[in-house]
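2 protein chains.
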Amino acid sequence: MTFEEARKNLRDLELREFAFNHAAGMLYFDGVTAAPKGTYVSRGKTLSVLNEEMYKLSSGEAAQETLRVLGERLDELTPAERRLVQLREKALRFRSRVPMDEYVAYQELLNESATVWREAKEKSDFTLFQPLLEKIVAANRRFAGLVEPDKDPYDFWLDNYEEGMTQAFCDSFFAKLREKLVPLMAKVAASEQPDTSLLGVRFPLDKQAELSAWLMRFLRLDPERCALTTTEHPFTIDFSRHDVRITTKYHENAFTSSMFSVIHEGGHALYELGTGEDYAFTQLGRGVSMGVHESQSRFYENIIGRSRAFCELAWPELVRLCPELGRYDAEAFYRAVNASKPGLIRIEADELSYSLHIMVRYELERALLHGEAKVSELPERWNALYKQYLGVDVPDDAHGVLQDSHWSGGDLGYFPSYALGSAYGAQLMARMREGFDPDAAVASGDITPVNAWLGECIWQYGGLKTPSELMREALGGDFDPGYYTDYLEAKMREVYRF
Amino acid sequence: MTFEEARKNLRDLELREFAFNHAAGMLYFDGVTAAPKGTYVSRGKTLSVLNEEMYKLSSGEAAQETLRVLGERLDELTPAERRLVQLREKALRFRSRVPMDEYVAYQELLNESATVWREAKEKSDFTLFQPLLEKIVAANRRFAGLVEPDKDPYDFWLDNYEEGMTQAFCDSFFAKLREKLVPLMAKVAASEQPDTSLLGVRFPLDKQAELSAWLMRFLRLDPERCALTTTEHPFTIDFSRHDVRITTKYHENAFTSSMFSVIHEGGHALYELGTGEDYAFTQLGRGVSMGVHESQSRFYENIIGRSRAFCELAWPELVRLCPELGRYDAEAFYRAVNASKPGLIRIEADELSYSLHIMVRYELERALLHGEAKVSELPERWNALYKQYLGVDVPDDAHGVLQDSHWSGGDLGYFPSYALGSAYGAQLMARMREGFDPDAAVASGDITPVNAWLGECIWQYGGLKTPSELMREALGGDFDPGYYTDYLEAKMREVYRF
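Top line first, the protein sequences correspond to chains A and B.
Just so we're aligned: 437 in this note's numbering is position 437 of the first sequence, and the numbers increase by one with no gaps anywhere.
Just so we're aligned: 354 in this note's numbering is position 354 of the second sequence, and the numbers increase by one with no gaps anywhere.
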C-alpha cells in the first residue's frame, strides 16, 4: 500500500463509517419517534449487521495497514489526517487488546442490563440490578487493565469520555466548586424564596409548540438542517452538519420543562451545525466531546436562557401564547426559573445544586472502579452522600441510585463531563464579554454575535483539536472554575437579593 | 467453498442485503416524512455508500462462487434456497452483462431525469423532458439486448417488473378487456349519472385522521407492526414483515381521496405483514411482484372498499365523524364512490376506465422499445389514444404524457401490472365466494375470513413462487379476465340501474 493509497483509504474508511453510523442513527431515531413497538425485531437485525460492518471496517487488515503506512509519515499529513490517525489508533488499541468474545459478551450484558435497570427502577428495587452492575464494574475494570495496564482504571474511563480528563483534575475542580457552592447554598436556603407558582400555569400544548418554534428562530437554528420532534426523553441526534434533529416533551402544567429542553438541545444542535464543512462525513465532523458539548448546551440553556435579558425578551411572547401569565411579570419569571432548591433528582436540579449531584456519582464511580466499594453498598453510600452534599433524605432507590441510566449502559466515568461543561460555559461568557456585550445581543433579539463567536472559537473545529486544546484556545488561557462560582454567586445575589 | 459453506453464505448474503435495504429504505422514508429539506446532502452520501455495498455484496466473487457451488447441487436445496439462487442468478446476469460504467451513467441519467421531468410537468412542456427520455429509451433497448439478446426488448422489460409477463399475454388480456369495457362505458355514459355532491363535503382533517384509524382497525392491520403517517403522495414501504409503514394525504373537501388511499395502502401492508416468518430477512420475505401486490391493494380498495356491504358498514361511522353527511344515505355513498366518468388522469380514474389508461401507456411503451415510435411523437400519439380509448381531449402535456413519473425513472414495462392486479382481484373474489361469503364478513365488520383466505393462498408464500404459479394455485386454475369484466358489468348495472 503506497502512502497516497493509504490516504485515500483513510478518506474512504471515514466516509463508510459515517454512512453506517448515519444509517444506524436513523434507525434508532425512527425507533423512538415514528416506529410502532413490534418493529424492534427487524431493527435489531439490521443494527447487528451495521455494527458488524463497522467493526470489520475499522479493525480489518486494510484499516490496520492504512494506519501503519500513515503512521510512518505523520509529518506529511494534514492536521485533520493526523488527528484521524491518532483517534483510529486509540480505538484500534481498545479493540485489539480486548478479546472479541469478551467484548461481544459485554455488549450482551449491556443489552440485558438496560432492560433490568428499567424494571428495577420501576419497582424501586436495587437488588434486581445489583448482579448486572457487579458484572459491568468487573468488565470495566478488566478492560481498562487490558488496554492500558499502567493507568488507573478510573482515569482510563474518564479519558474515554472526555479526552485528557483525570481524577487529579476532577478532585481539584470539585474541591473548588464545593468550597464556594456549599456556603452559597446555605445563604440561598436562608433567604426568602421567590414565588414559583407561575411555573405551574396551564400552557396549552399547541401553544408550547409555537413557543418552541419561536425559540428555534431566536437561536437561529437553520430550519433547513434542523427539525424538532417529540419523544419520551428530550435529546439531540446529529447525523451530520447538514442534518441534526432535536426532541422535546411537553407537559401542560410545566411549560419551562420543554422550553429549557428546546434551548438546551438547540445548543447541542448549533454546535453540530456549526462544524466545518471540511470535516463533514468524517469523525471530525462532530462536536469533540461530551464536556465541550455540554458547555454549549448548558451555556444556551442557563447562561443565555435563564439570563435577565432573555427572560425580558421572551416574556411578551410567553404572555401572548399563555395570557394567564399576564398576572405575573418578567422579573417574577426571571426569579422563578433561577430559584434554587436542593432535590433528589439530577435532571431536575437547578444550576446551583447541579454539580453536587455530579460529585455524588463521581465519588461512587471512582470507589467502584478502584475496588474500594462494593456494588451492594451503593444504595447506602448514595443516600449518605445525598444527605451530606445536598441535605436531602432519599426515600427509595428509584429516587436515588437507580435514577440514571448511565451505569446500566456501562458508562462509568461519564458524569464529570456534565459539571465541566457548565463551568466551561461561565468562563466562555466572561471571555466573550471582553469583546462585545452578549446581553445586549440577547436583549435585541439578535443572538448572531454570540453564535458567531462560539462558531469561530469552538464549533468550526469539530473534532480537530483535543477538548483541552480547544478550550484553552477559546478561553485564551487555562480553565478556571472560579468564573463558574462567581457567575453562580452573582446570579444568586440578584435572584435572592442578599 | 464447500456446499454447506455456500448455503451459509447464501443466508448471510440475504441478511446483509436485507439490512442495507432496510437502512436505505429508512433514510428514504425519513426524507419524505420528518426530514428538513437541506438534509438531502448527507442522505445522498450515505445512500451512495449503501448502494455501493449492496452492489459489491451481490456481485462480488464470494457471491458468484456461492451461486456456482449451489447451482451444481440444486436438488439438495430447500425450495426457498433454490428460488433464491434463481433470483440471484437473474440479477447477476444483468449486472455481469451491462458494463458497470454504462450502468452508473444510466443511474445518473435517471437522477437528472427525475428533476427535469418534474420541471417539464410544472411547465407542461414535453420538449424539456424529450432529450432525456430519448436517452432512457435508448439505454433500455440496449440493456435488454445485452442481457437477453434473443428476447424481444419489451418482453424483457415486462418480465423485469412482472416475472413471466409477455406481450402475447398483454395483447390477449387487453383485447378481452376492451371488447367488454368499451360498450359498457358507452352504456354508463348514456345512463343517468348519480349525485356525487357528497364527495365534496367539508370533512375536518382531524376527523379524517380518526376515520383512518377506524379503517386500519377494520382491515385488522396489526398496530404493533404497521403505522400510518402523512406525505405528499400516499405510498407503502415495507421494511420487513415486522415493520410496514403506510402513508396518506388528507384533503378537507375530498375525504374519499384519503379514505380509499388508506384502504389501498392497507392492502399492500396486509400482504407484506402476512408473508411467512420463514422468509423474513431474505428477499423472499416480501410480496412477489407489482401485479400480485396491486391485486391485493386494489382488491381491498375497490372490491371490498367500494362494495355495497362496506359502504353500509362505514356509513354510520362517516356520519358520526362528519354530521353534514347525514343529509345523504349509504346508497347515495355507494353510488357516488362507484360513479364512472372517463377522464384525463390515471391516478384519479374510476375502476371502469382505469384499464384504458393503462392500455394507452402499453401501446406507447411497446412502440418506443420496438423503435416504432419516436419519443418526439409521444404527445401527439398520447393525445390521439386518449381520444380513441377514453373519448377525452388532452388540453396540455401536464394532463397528458407528462402526468406519470414512471418513464422518468426508467420504468418502461411497469404499467401493465396495474391492470393485471385489478383483474386478478376480481377472480380471487369469485374463488373466495366458493368457500364462504366475503360480503357477509364485511357486513359483520369482521373481515378476518377474507384476510385468512388471502393469507393462506397468497401472502404466506412471499416471493417463494413465481407470480403466475402463485396466482394459478390461488385461483384454482388459469387466469381469466372475464371475472373482472363480469364484476365491472354487475357493479355498473347496480350503480347505474340499467
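No wet-lab data here; the hints were simulated from the structure.
Any given hint could be a false lead.
Because identical chains cannot be distinguished in the list, a pair is counted as satisfied if it fits within a single copy or across any two copies.
[Said to hold, decoys possible] Straight-line Cα separation of at most 20 Å, EDC-like style, residue types lysine to aspartate or glutamate; simulated pairs:
#1 K45 with E17
#2 K8 with E363
#3 K123 with D439
#4 K8 with E61
#5 K465 with E331
#6 K45 with E112
#7 K56 with E192
#8 K37 with D222
#9 K8 with E52
#10 K45 with D278
#11 K187 with E434
#12 K123 with D278
#13 K56 with E17
Consistency of the hints with the structure:
1. K45 with E17: both (18 Å within a copy, 11 Å between copies)
2. K8 with E363: Result: close neither inside a copy nor across copies, 45 Å intra and 50 Å inter.
3. K123 with D439: Intra 46 Å, inter 50 Å, cutoff 20 Å: neither.
4. K8 with E61: within (15 Å within a copy, 23 Å between copies)
5. K465 with E331: For K465 and E331, the Cα distance exceeds 20 Å both inside one copy (41 Å) and across copies (73 Å).
6. K45 with E112: within (17 Å within a copy, 34 Å between copies)
7. K56 with E192: neither (61 Å within a copy, 70 Å between copies)
8. K37 with D222: For K37 and D222, the Cα distance is within 20 Å only across copies (11 Å; inside one copy 32 Å).
9. K8 with E52: Between copies, since 17 Å is at most 20 Å while 23 Å is not.
10. K45 with D278: between (34 Å within a copy, 15 Å between copies)
11. K187 with E434: Cα proximity of K187 and E434: none, with 30 Å in one copy and 86 Å across.
12. K123 with D278: neither (49 Å within a copy, 38 Å between copies)
13. K56 with E17: both (10 Å within a copy, 17 Å between copies)
This entry does not satisfy hints 2, 3, 5, 7, 11, 12, going by the numbered hints stated previously.
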